[in-house]
Structures are given as C-alpha cells and as structure tokens.
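Protein chains in written order, with the working numbering: chain D, 8 to 428; chain G, 40 to 230.
Among the hints, a few may not be true.
[To be verified] Distance condition first, Cα-Cα at most 16 Å in a straight line; then the derived EDC-like pairs of lysine to aspartate or glutamate:
1. G/LYS207 to D/ASP91
2. G/LYS105 to G/ASP182
3. G/LYS207 to G/ASP186
4. G/LYS207 to D/GLU367
5. D/LYS334 to D/ASP411
6. D/LYS44 to D/ASP411
7. D/LYS235 to D/GLU403
8. G/LYS176 to G/ASP186
9. G/LYS183 to D/GLU403
By construction, these hints were calculated from the structure, which means they are not laboratory data.
Here is what each chain is made of, one letter per residue.
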Amino acid sequence: MSEDHTYQPSNAFTRWLDERLPIMGIVDHMMGYPTPKNINYWWTFGGILSFCLVAQIVTGVILAMHYTPHVSMAFNSIEHIMRDVNYGHLLRYAHANGASMFFIAVYIHMFRGLYYGSYKAPREVLWILGVVIFLLMMAAGFMGYVLPWGQMSFWGATVITNLFSAIPYVGEAIRELLWGGFSVDNPTLNRFFSLHYLIPFIIAGVVILHIWALHVPGNNNPLGINVKDKQDTVPFHPYMTAKDGFALVLFLILFSYFVFFNPNAMGHPDNYIEANPLVTPAHIVPEWYYLPFYAILRAVPDKLGGVVAMFGAIAVLFVLPWLDTSKVRSARFRPMYRQFFFIFVACCMGLGYLGAMPAEGIYVIASRILTVYYFAHFLIILPVLGMVEKPKPLPESISKAVLDAHGGSASANTAAAPEKR
Amino acid sequence: MAVTDTDEPTRRDFLYIATGSFTAIGGAFLVWPLIDQMNPDASALALASIEVDLSSIEVGQSMTVKWRGKPVFIRRRSAEEIEAARAVPLSDLIDPEARNDNLPEGSPANDQNRAPAGKEEWLIMVGICTHLGCVPKGQGMSDKKGDFGGWFCPCHGSHYDTAGRIRKGPAPQNLEVPVLTFLSDTKIKIG
C-alpha cells in the first residue's frame, strides 16, 4: 500500500543495512500488511499454495538427486527411489500427491476468486498473473508426469505434444522441435526433465509479482466492497499468519492421508508399466486435474477445433475481468450470478467426470453440451447478467457489516470500542 | 531527443532506427542456435532406414516393426480386404489424398495408391493415428478393428478401413505410407 515507508530501523545494524538494502522494510510491510478483517477461510488458500510450491521444490530437488532422465533407466530409477533410497518412497509420494494437492488448492483459490469477484478492477493484473501461474503449473505437472516413463507418461506426452501438430502449416515442425526426433523418445525425456526443473522457479518469480499485485490494491473480501479506513482491517501478523497456519494444518491432514494411506489413489496403475512405444493402453486418461480440459478437447469433432477450444477454455480466463460487466464484486449481493456460479462449478465437475470416461455415445454428447455451457458462462451469461441483474444493497463498510452481523448497534459499538489499528 | 523543428527524419533518427534494427537482427541470429538445438539431431536422423523380412507373414496376418521410434504396420491383406478397399468410392473418404510418401503429393487415395504397385496384398503404413498420435488397434487377431475392418484408435475413436484410410472419427488424415522399396519379393527397406 502507499503508506509503506513507515519502517524505522531500531538499531545501528538494521539502520546500516536499511541504507544499503531496504529488505527489512519489506518484511515489516508484510507483517503489518492491512488485511480486511472479514476475510474467511476461503482466503487461506494463497498461503496453502505458497506452502505447496515450496514443498514441491524441496521434494523435487531431492528426487532429482536420485532420478536418471534416460529412456532405458528412468523407469528403473523411479523403482530405485521407491525401494532403495532412504525415505525415497515417502519423498516420491509426497511429490506426486503434492502435485494433486497443489491443484486442489489452486482450483479452490480460483473458484473463490470467481465467487467473490476478486478479478474485477482494480485487481485485473493480479488475476491475470494468477492465470499465468495456473498455465505454468499445468506445464510443470504435465512434464513431471512424463518423467517416470510409464505407459501413461509416454502416451500422455504423445497426445499432448501432438496437439501442436494441429496448428496449420508450422504444426509438424513445432512437434518435431518439441520431440527432438520423430517420436517421443530420449531427447524428449531429457528436455522435459530440464524444463520440469526450471518451471517451478519461474512460478516462484510470477508468485512474487502476484503478491506484489495483491499488495497494491489489497485483498478483496467476502463483501466485495472497498476497505474504507483502518477499522476495516487487521494486520497480517499475527491475525492472518495464525489463520493461514490453522488452515494449513487442516490441509496437511488431507495431504498426509493421501501420502501415508492412499498414495496411488490419484495416480493410474498403467503408469507402473514401463513405456512401450508400440502399444497404446486401451484407455488413456490424463491426470485428474486436466480432465475438464481434456473433455473439452474431445468434445469437438475436429482436430484443430478441439485444440483451439481446449486452449480457449483457459484463454477466456485472461479476459474475464472485461467480460463480467457487473460493478458489484461479491456473489453475496448478486442473487442471479450466485446461482449461475454454482451451475458453472457443477459444469466444470461434469466436464471433469466426462474427461475420464471413454469418448463414445452419450459421453460425447454430454461433453458437447457442457463445453458449450462453459463458454456461454463467460461469453454470454456474465456480460448479460451485469446488465439485467439487480444487485442487493451493499453494506456501508466492512466494519459496519461485521458489527451488524454480531447483533450490536454498529454506531454505538464503533464509538465505544474502536478496533485497534 | 530528435530535433523537433522539422518533420523530415533527421540523421539522428536514422542512426537510432539503424542501430535498433541491427541489434534486433543480431539478437535473432543469436537465438536461433538456442532453438535449433531442440530439433532432431544427427543421431536421430541416422536411424532413418530399416530392412524387414516379410517371409514369415501369412495371408491375413500382420506384423509391427519399429522405425524412427514409431510402429510401422505391415499387413498381408486377404483378397476380400483388397476387394473391400477398392469398392469404396473416393467421395466416401474423409481424406481424399493418398498420403503415400512414394507418390507425388495430392495423389488420390484409391487403393492402388495406398499399397505398393504390383504388390497389392502388402499394406505398409506408419501405425500412428493422425489425430493425436496413439497406436490404433487392429494388428492382433483378436483386436477391435473398427467399423471398416481395418484399424481402430481407442484414444479418441478413429476408424480406419482395410487400406488404412480414415473413415470415421476425429483423425484428419489417412495413415501415412512411408518411403519403401522392395529389395526382393520378401524383403523391404523402409525409409
């Protein structure tokens, strides 16, 4: 926020440091950063996602110490990690399930943004950076899934790299460039390993920009109204650090359940068969977090059209801030949008289910209907809703709404017991 | 900044643009090796051809060999299969081009242009679905062969006929026929 530069170095060393590298001021800003006092547990997923990124980098760097990116050794080196390396199975399961947990958290984080209108002015850049992170996560997750060199790794890599061959004229050349050969082979595995190691650090960089873009306008909140004065906020530390910490513990319980009790629940058994370029498994599916987009790909009966629709499903998120014409942010005050939001969530879940089903009969028809609805939500429903919907009256301020909810007379309470800071 | 008392481009503007262009072009030259290193290298290109012995394949049987990391389907077709493929009018085909690397581009996809001349019982094609690169089923005796008796891709449901032509499903092209030569009656070279 604008009144950042309030940090006063408290001793000679910090004064000396502050003149050369004002890093303590940033720490001070992060700790005191004013957060709306009404934000709920849906707002704790930012912190949870930061944890996920760090956990993936730490476990990933360690796994790379034991993994061999070569087509004749990759599959065996994974088994070596699982059987021989001390705690290797734990590290691998934490990394593999960590990817799924990362995506669970990011989808909740995104749906929270959709529900409470967190993408609207002045937070468009914050939202766009978030979509960039989501795309990078998908790239990292995809390349990571290729590394064990099982059947699903190989055929997933084949299908996804073949998507690029749908591009007119240059498609084939791009595909050969990605493969480094005439099929998915050793050069492909090598470069995927290199990029899989690189992308998390790019994500970390974009996360810094994402947090920066958050700290300029400040957090949105469940009411979607602007912070008016200090009474509407509490400092990040200790209030949000404690709240985020508690939510993280709950999240880690779920994480631990998968790692310790059901580590292969979100994987696919075919990936424990070594890659065979001559045999495609009867039913190939991507990791669960790509399923909705996979369903959109398969819903279109044309190769290029399917690819365009799949990428379009993500691209539409970039322009979402300008597609939603309503000035009111929070769905709490938008009765019609609120219903359409839940229909949209169901639509995404439905697409996810259909992505896992074989591409035949009723499943194809259902995928087509839901694909059309997915795009209609963004391109028709949101622009029109902003014009026809009559929002409920917005509260005067965050403070007043909080106090009203707790039964007190707002004016009397705020006068008698003003919040600290 | 540039002189403002005239609309004509000044000497300084010219130097500015020339320097910028020079840097941009130089930068592009610098980037090219960083991109081109990803293209197939000499060792990948060196694996360009293989020889296959066909003497063990009976009529109606199939064999799959690996060429350039990809499966190549070899089927010794029965008379009925050839008959069925020839009976299809060109107007029924999704992709009317032969996709045969031994023929000029744009040749029609009739059965004569799919199989090697004079050796019509042999159908030799890259076994990669032209949709998203899966290996279609149909080589094994008990495999699902699709609605047209040829091959069926389980990934996204493309059906190929007994000449390896796409007949139904999302694949845009017929299966590719690679460059091949018969070294003798029972021996071929692919690539």
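Which hint numbers does the structure go against, in order from smallest to largest? When the structure is compared with the hints, numbers 1, 2, 5 and 9 turn out to be violated.
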